Structures are given as structure tokens and as C-alpha cells.
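**Student:** Each chain, letter by letter, is given below.
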Amino acid sequence: MRVLIVEDENRLAENIARSLRESAGYAVDIAADGQEGLFLAESNPYDVVLLDLMLPRLDGQEFLSRIRQSGQHTPVLVLTARDDKESVVALLNTGADDYLTKPFDLGELLARTKALIRRGKGQASPVVAIGDLELNTVNRSVRRAGREITLTAMEYRVLEYLVHRRGAVVSKTELLEHLYDYNWEKFSNVIEVYISGLRRKLDVGSSPPLIRTLRGQGYSLQA
Amino acid sequence: MSKSIKTGLIITVLASQILLAAGLLLTGLYDTQRRLLASLDAGLQAHAMSVAALVRYTEDATGNVYFDDSLLPESLDAGHPDVFVIWAARSGLLVRSSHWPQGLDLPLGGARHWNFTAAGVPYRGLRLEQVPILDREVGPAFAPQTLTIVYAAPTVQMDKQVREAGIFIAGSSLLLLGITAWLALWGIRRGLSPLQQLADQASLVSARHWELHLPAETKEIAELRPLSESMAMMLSRLQRSFAQQREFVGNAAHELKTPVAVLKSTLQSLLHRPRTAEEYRAGLEHSLEDLERLERLLQWMLRLARTEQWAHGALRPDLPVIELSATCEEAVERIRVLAEKHRNHIVLSSNAEVRLRADPEDMQMVWSNLLENAVRYSAEGSPVEFAIARRNGGPAEITVEDHGEGIREEDLPHIFERFYRGDPSRTRATGGFGLGLSIARAVVEAYGGTIRAESTPGKGTRMIVELPVETSPLTPTGN
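Top to bottom, those sequences are chains F and P. Quick note on numbering: the first sequence equals residues 1 to 223 in the working numbering. Quick note on numbering: the second sequence equals residues 1 to 479 in the working numbering.
So that you can see chain F by itself, here it is in the shape it has in the complex (with noise of 0.2 Å):
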């Protein structure tokens, strides 16, 4: 998953996107400003934006008409320092998906994260199951058919993505777009490697594979 924060604080910034890369395994980019984090948010696919309101040269409220106006539906976690109930109700007419009001609690803000991911995938439930194969998003744990997998970090942010995409087929460059944050250098081989791993460790004593491959155009995941 790939988190976009657009918040002028940088401490406050750089202290919730280590929160969420500790805590959730998720790629994290840092926009100091509205007009830096529009650019950023029109030029990648991110799964849950959080976003500041008082911002420098772009104002929240103005970054999030914009982003709603371009046909976006990626979630927004709106980070406020009012909380009187006009401000509130005018941020989620212009498409907010939900607030959090400073100073707030990180595990709170991961959680409320969470959430907003899971609902922008269509998907209510922290616990998925597909087949046999139970992922749970909340503590990070995998098993199929009532065995546990232990995965490493980057397999299971893969696994997580695929499952929240589960049944379509997802290219390997929106794997890394989603894996990965802007910092990062983009290897597409990486993507086999982790796929590969995934496979041994989940398919091993079950049937039938979970993943398969389709040639030329990229992964799916369904049961």
C-alpha cells in the first residue's frame, strides 16, 4: 500500500510516515506543500491520502476539490486542527472520507488508515478470506487452510495488495507503484522474487495455487 502525506509540519509528517512504514509496511511520500502534494497525488496511484489542511501555497480544503474534480476516489484522511462542527461537515462535502482532529493518537491514525484502504478495496472486513487463504490486516498474520505462514515484510505488502485486488490482474508496475514509495528505485524483478517466495510458501501442501501468472500482463490472486 502507498500513502501520500501532505502536511507542512515536517516532524509531524516524517513521525507519521515512519508510524505507518513500522506499523503497516506501507510506502510512504512526504508533500510539504498542496501544489507539490497535487503534482504528487495526479502523478501516482496512492491507496489512502492524509492530508493537512493549513497548507502552504495549495489549502487543504482547495487540494481536495481538485484531486474530487479529477475523478480521483482515492480515500482522504483529512488532519485538522478545528474540529467545530461547520469545518467538519464542509470537509467531508468536498469528498474527505474522514478527519482526525490534532493532536492525535498515531494508533489511531493507522487504524483510521487502515480502514480507509480497506474501504476504498471494497472490502469492510479487516480479516479477508479467499479460499482457504486468511489474511489478517490488522496484526499482519497469513494461513491457509488453517496453517500459519510466516512471510517476510515486502511479501507480505505484495500479498496484501494482490488480496485487495483479488480476481483482477494486476501488472507488475502497479505493484511497484503501490509498493513502493517515490524515493525508492523501481526493479521489476524485485516483483518476481517476492512473487516467487509467496508462491513456495502458500502453495506448499495446498492446492490449488493461488497465484497465477498471466503471461505479458501480470498477477491474479483468487481461489
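These aren't lab readings, by the way, just hints derived from the structure by calculation. Note that the structure is predicted; figures quoted are calculated from it, not measured. Do not take every clue at face value.
To be verified - Simulated pairs of lysine to aspartate or glutamate, DMTMM-like, Cα-Cα distance not exceeding 20 Å:
id, chain 1, residue 1, chain 2, residue 2
1, F, K85, P, E247
2, P, K257, F, E86
3, P, K264, F, D59
4, P, K160, P, D77
5, F, K114, F, D181
6, P, K257, P, E295
7, P, K257, F, D84
8, P, K257, P, E247
9, P, K264, F, D83
10, F, K114, F, E134
11, F, K85, F, D98
12, P, K257, F, D181
13, P, K264, F, D181
14, P, K160, P, D41
15, P, K341, P, E289
16, P, K6, P, D200
17, P, K341, P, E330
18, P, K264, F, E22
19, P, K257, F, E108
20, P, K264, F, E14
21, P, K257, F, E14
22, F, K85, F, D97
23, P, K341, P, E329
24, P, K459, P, E385
25, P, K257, F, D83
26, P, K459, P, E380
27, F, K85, P, E255
28, P, K257, F, D59
29, P, K257, F, D105
Given the structure of chain F, go ahead and fit chain P onto it with the hints provided.
**Tutor:** Quick look at chain P alone, frame taken from chain F:
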């Protein structure tokens, strides 16, 4: 005991009524007595002349006289007989009335009218002398005599009439007194009722409900108009300052949330999993920086609140007289590091020695606020001009001028407002809170000065402070 306008008014009304009644009674009594006395005196005169007419000459040449008591006039008061004595000039005591009180001796000579008491009965007497005898005999050897007559009538009846008149006047006065007292009470109560209504309305005013609905009556009554008008004005002033206070608290809370959010996230993130010593150290250093930022914000807010509080009072005479340029130099020194970082050079110039009565700390804060803004918004490497000038007899003029991006025209009227940020980016990115200029203005105004800004977008900003100067000598410093 509380003072009451109503009681006071009633007491005043009653006291004046009583005074009036007493005056009426006295003059009434005096007048009645005077009239009765005049009529009594006339009666006495008439009766005295009547008895004088009863003196006749004996029909001989001796010219002796006798008193013919067959035609005695009736007494003036039927209940109390009159008394009289007649002396003839040659014959001596001629007659003494039968009711003449025992032992009463009347000296000859003295006043024409007088009062006396005999045998417990009050009398009014009339003395007539040299009264000619009406009965005239004509003869060659006739020697006429004159009479001295004392005629007195009891005044019992008259005294009774005077007393009755007095009782009548006093009684009717008391009745009128009662009626007017009641009228006064009713009138005062009615007249004061708008005051009560005003009080009732005023008691409904609270921090949530500022409206004062003045009853129509209180607006019409001339005496109440100043009161109700000043109450309305006081309320609107209170409401305004209350609103400002609420806005300030709201803004302050909003402003405090961001540094608290940063601090909280840093600490939570630090605690999320075991860290290396370096990570802990970095986290703690960051926390400390954020805490210092919070502290600075708090200090500024408190200083602003404190300054605004005494800004409305007069200048404090306990403040020392200081040299202005010293506080400017101090402020330049404080900003030096920041200025060097921006490669700005602060040029301080002064054309006069200026003395002020001020807390040097306050002045330094004003200058550092202005200089800090100037440096932050200056183009890198450009100078910041800081000048003290004084024209003849006028106030001191202190200007801080930068050559930076300037202030947008639409922002210029608002830059002294608390927490105002024209472009939200400006101050956040440069570390301000939107409080510096409000504090500067509050302090300058507290010292009886003015502050204003001139700006040309793209060219730079000029802040001009005018302060009243002090002519008394510098206060010697403690050390």
C-alpha cells in the same frame, strides 16, 4: 441599612408638608386672634362709651356727677359679666361694677389696652381718660368734669374661639398631610417603576445573552435615559471585549494544537518499538525543540494578554527613563544570528538621542519582533534598515525597512491582528505564530505610541513606530 430613594423622597415630602402645616397653623392662629381681639377692642370701646353716657351731672351749680345704673349695657359675653370702674376728675371714684373682682386694684395710668387675670378669669381691659361727660348743663357757674373709665371684658369666649380655629386648621392640615403622603408614595412608586423594570431587564443579561431589552418607558423618561444609554453602551463594549477574548482563546487553542500534535507523534513513534540510543537521543532532542516552541508560543500569548491588560491604563510612573538606542542595539544583537543565516545586514542609524519612559525588555521585544520579520521576509543578502529619528519637538520615529517580497495589499490592514497569516505558508514555514506583530502593537500602544506598516509588493516593507519621548533625565541604573 440600605439607603432608599423612596424613603428619602417620602421623608422630604412629609417634612415639608409638616412644616407647611405648622406655618399655616401659626399664621391662622395669629390672624384669628388678631381679628377677634380687634372686634373685642371695638366692643370694649363701645361699651365704655355706653357706661360713660350713664354719668350725669347733678342738677345744681356744684357740677357734681352721679352714675345712673338704670340703663347698664349688656355684657359682651353673656356667660361672663363685664366689669368697669369710673372715676370723675373732681368727685373721685364714681362707680365700680357689681362684678368687680375682689382685691383687683387698677393703677391709674398705663397702657390703653391690657390683659390681666382676676379670680382665675382672663380679662381684656380698656382704659379711657379725659372722657367728657355727655350730659351737659348750661349755666354761668358751671364747671365741667372729665371721666376716667376702665372697662374690662373676660376673654374666655375669645380664647375658646381661637382654640377652636386652631383645632380646625390643625385637623384639616393633618388630613391633607395624610392624603398628600399617600399621593406622594403612590407617585414615587409609579415614577420609580421603570427603574425596577430596567433592573429586571439588566439582570437577564449574561455572557450568553447580551441583549438588553429596554422597556419603552425607560427611553421616554429623561432622568433614566442617561442610565439606560450608558448601560447599553457598557454592554456592547463588554460584549466586544468578550468576543475578542473568546476569539483569542480559540485561536490560541488552535495554535497550540499543532506543536502538541508534533510532540505527541514524536513520543508515540519513539515508544512504538525498541530504538537505538541514537534514535532515542534524536527523538528527545526533537521533543525538546517542539517543547521550546510551545513554551515560546505560551510566553508570547501571556505577554500579549498582560500587555493588553495594562494597555488601557495610564502610563506607569514607576517605569525608568531609558535611552532608546540601547534597546535597539540589544535587539539587533538578539537577531544577529538569524540575520547572518539569511545573510542580511542590519544597519542601525540614529539622528538624535531619544529618551523614553519604558521597560527596556518591552522595547527590545518590539524591535526584535520587527527585525525578525524584516529578516525573514528579506531577500537574501539585502540590508535591513533600522533608523531612529526625531523631528523638532515631535515623537520619536523608529523605522524598520526591508527589501523583500512585501506584503500583499489585501493583507496589509490585517497584519496586526492576532494569529493573522495572510498567506498561511509564510509564517508556518518561517517559524512564526502570527502573534509577533500583535504583541508589538499592543506594547507600542501601551506606551502611548502608534505602529503602522507601508509595503510595496515585490519591493519591501516599512514598519513605522512613533513613541512619545520623555524629557526628564535618565534614571540611573542600579549598577
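**Student:** Hint by hint, note whether the structure agrees.
**Tutor:** Comparing the hints with the structure gives:
At roughly 17 Å between alpha-carbon atoms, F/K85 and P/E247 fall within 20 Å of each other, so this suggested pair holds. For a cut-off of 20 Å, the pair hint linking P/K257 to F/E86 stands: about 19 Å separates their Cα positions. A hinted pair counts as satisfied when its Cα atoms are at most 20 Å apart, and P/K264 with F/D59 does not qualify at roughly 24 Å. A hinted pair counts as satisfied when its Cα atoms are at most 20 Å apart, and P/K160 with P/D77 qualifies at roughly 12 Å.
Note on F/K114 and F/D181: the hinted pairing holds, with a Cα-Cα distance of about 17 Å set against a maximum of 20 Å. With a C-alpha separation of about 13 Å, the suggested pairing of P/K257 with P/E295 holds against the 20 Å cut-off. Proposed proximity of P/K257 and F/D84 is supported: the alpha carbons are some 14 Å apart, at most 20 Å. Note on P/K257 and P/E247: the hinted pairing holds, with a Cα-Cα distance of about 15 Å set against a maximum of 20 Å.
Restraint check: the Cα-Cα separation between P/K264 and F/D83 comes to about 18 Å, which is no more than 20 Å; the hinted pair holds. For a cut-off of 20 Å, the pair hint linking F/K114 to F/E134 stands: about 17 Å separates their Cα positions. Taking the CA atoms of F/K85 and F/D98, the gap is about 13 Å. The hint holds against a cut of 20 Å. Simply put, P/K257 and F/D181 have alpha-carbon atoms about 29 Å apart, too far for the 20 Å limit, and the pair is violated.
Under the criterion of a C-alpha separation no larger than 20 Å, the hint pairing P/K264 with F/D181 is inconsistent with the structure, at around 25 Å. Of the supplied pair hints, the one linking P/K160 and P/D41 holds, its CA atoms being roughly 17 Å apart against a limit of 20 Å. As the CA atoms of P/K341 and P/E289 are separated by approximately 19 Å, the hinted pair is consistent with the 20 Å bound. Note on P/K6 and P/D200: the hinted pairing holds, with a Cα-Cα distance of about 18 Å set against a maximum of 20 Å.
Between the alpha carbons of P/K341 and P/E330 the distance comes to roughly 18 Å, so the proposed pair stays at or under 20 Å and holds. Distance check on the hinted pair: P/K264 and F/E22 sit about 17 Å apart at the alpha-carbon level, within 20 Å; holds. Restraint check for P/K257 and F/E108: satisfied, since their Cα atoms lie roughly 17 Å apart, inside the 20 Å limit. The suggested pairing of P/K264 with F/E14 holds, with an alpha-carbon distance near 13 Å, which does not exceed 20 Å.
Proximity of P/K257 to F/E14 is assessed by CA-CA distance (about 17 Å); at most 20 Å being required, the pair is judged to hold. Using a Cα cut-off of 20 Å, the hinted pair F/K85 and F/D97 holds, with the two alpha carbons roughly 15 Å apart. Under the criterion of a C-alpha separation no larger than 20 Å, the hint pairing P/K341 with P/E329 is consistent with the structure, at around 19 Å. A distance of roughly 14 Å separates the Cα atoms of P/K459 and P/E385; the hinted pair therefore holds under the 20 Å criterion.
For the hint linking P/K257 to F/D83, the alpha-carbon distance of about 11 Å falls within 20 Å, and the restraint holds. A C-alpha spacing of about 13 Å is found between P/K459 and P/E380, which places the hinted pair at or below 20 Å, so the restraint holds. With a C-alpha separation of about 18 Å, the suggested pair F/K85 and P/E255 falls inside the 20 Å cut-off, and the hint holds. Only pairs whose Cα atoms come within 20 Å are accepted, and P/K257 paired with F/D59 is accepted, the gap being roughly 18 Å.
A C-alpha spacing of about 13 Å is found between P/K257 and F/D105, which places the hinted pair at or below 20 Å, so the restraint holds.
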